[in-house]
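**Student:** Sequence:
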Amino acid sequence: MTLNEQELKELRELLEAEKMTLEESLAAHGRKVGNDWSGTPKGFEEETDSEPEDAADRMEELATNVSLVEELERRYKDVTNALTRMDVGTYGLDVETNEPISIKRLRANPSAQRNI
Numbered sequence: 001m002t003l004n005e006q007e008l009k010e011l012r013e014l015l016e017a018e019k020m021t022l023e024e025s026l027a028a029h030g031r032k033v034g035n036d037w038s039g040t041p042k043g044f045e046e047e048t049d050s051e052p053e054d055a056a057d058r059m060e061e062l063a064t065n066v067s068l069v070e071e072l073e074r075r076y077k078d079v080t081n082a083l084t085r086m087d088v089g090t091y092g093l094d095v096e097t098n099e100p101i102s103i104k105r106l107r108a109n110p111s112a113q114r115n116i
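With the first letter of the sequence shown counted as 1, position 68 gets the number 68 in the UniProt record's numbering; the numbers rise by one all the way through.
Keep in mind that the hints were calculated from the coordinates and are not lab data.
Glycine is no exception: its CB is placed at the ideal position from the N, C-alpha and C atoms.
Between beta-carbon pairs, the in silico distance windows are: (1) Ser67 <-> Glu7: 29 to 37 Å; (2) Ser67 <-> Glu5: 37 to 45 Å; (3) Glu24 <-> Glu99: 32 to 40 Å.
Could you put the whole structure together from the sequences, leaning on the hints where they help?
**Tutor:** Below is the structure:
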């Protein structure tokens, strides 16, 4: 089953909204470096800690931030890839089998690349 124009419009809107949310989250937790994102927030390198506990807290925060930014970036790439597939006409098809992905699955996860 191919997606109709209304379904494509609905799914594009979901993807665009998710893309904006992810961009805001990435900007809040990291900074853009080239085409990628870094888990170190702006100004992180300039901060100095006089107390060892403060430095330890900052390193723990950095480790958490790096993991979060990696996950957000992975999701962001999935969303932008889905939008690209939409533009070239391959959206909604399993990337391995070329079989249609159900509209139910796409509504649940608009950036889905595979059937389950």
